[in-house]
Amino acid sequence: MDGDNISFDQIVSRRRALLGSAALGTTFALAAQPIQAQTMIVTPSDGLAAGTVQVKTKDGKEMMAYRAMPASGTGFGTILVVQEIFGVHAHIADICRRFAKVGYYAIAPDLYFRKGDATKVSDIQTLMKDFVSQTPDEQVMNDLDSTAAFAKGEGKADATKLGITGFCWGGRIAWLYDAHNPAIKAAVAWYGPLGYKPSANTPNNPPDVVKQLHGPVLGLYGGADPGIPQEQVEKMRAALKDSGNPAAAKSQIHVYPDAPHAFNADYRPSYRKEAAEDGWKRCLAWFKANGVT
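Per mature numbering (1 follows the signal peptide of the UniProt record, and there is no 0): the sequence shown = residues -31 to -1, 1 to 262.
Worth flagging that the hints you see were computed from the coordinates, not collected in a lab.
Quick reminder that beta carbons are idealized off the backbone N, C-alpha and C, glycines included.
Careful, some of the hints might be misleading.
[Claimed, not checked] Pair ranges (Cβ atoms, derived):
| id | residue 1 | residue 2 | range |
| --- | --- | --- | --- |
| 1 | PRO195 | GLU123 | 38 to 48 Å |
| 2 | ALA118 | ALA254 | 22 to 32 Å |
| 3 | ALA152 | GLN221 | 15 to 25 Å |
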């Protein structure tokens, strides 16, 4: 494709031609427009078992998730992939396939499903008001527990090699879930917010849970991200250092000085190729070094 932005319909057609017409992860979120075709990464599903699955939640509901793993073999390290605020759209599905291509079982649950289809919402303000703020952290923790149980139940993933990664909203969740689940070996948080205003649905921020971390966390942040000031990043560093928790002490934060928020989102203008590629290498190395492989 050429370097110009292309239409949403063209993106949809290209994705479906490559991946089929599964309901989840084949289109981009409307609120994430316009799509940057010249930098967008498309990971094909050849050699993979990839597509939509149904996860039974603790409250008895059916939650869709996008899952990708090698087409043959067993005992794969397991990565829970947590969505951006835009939901489980084509970029998040592609992240799952990228993990699968290097031998992981990766699964991204639709954590907003009780509120509707976030990918169909056309503005960020509505997403924040009707989806993000209305999705309790406790519910998210339970749904991720259900997703991990589903992965174990499929018989292909090794549940003792469990990691989590998340982007934007999901980056914050990666910190929190690491503190929630004792089975987590390691986490990678991509530009996850560190200073939400506390509420009934979001009572804690990552600095509040450092003493409860179970696996070491790699935080990847942009130095030019106005939504996550460097003062917050430094506060998080200090909290990790002073926690007295070995997992927190082993955790690391890496800042890309000139990178904005969402620097890994290759379909958006915020994408920064050098930072994204370096972050991906660090992510894979982190999981390997900490037993998620």
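Hint check:
no.: 1; hint: PRO195 with GLU123: 38 to 48 Å; result: 41 Å, holds
no.: 2; hint: ALA118 with ALA254: 22 to 32 Å; result: 28 Å, holds
no.: 3; hint: ALA152 with GLN221: 15 to 25 Å; result: 21 Å, holds
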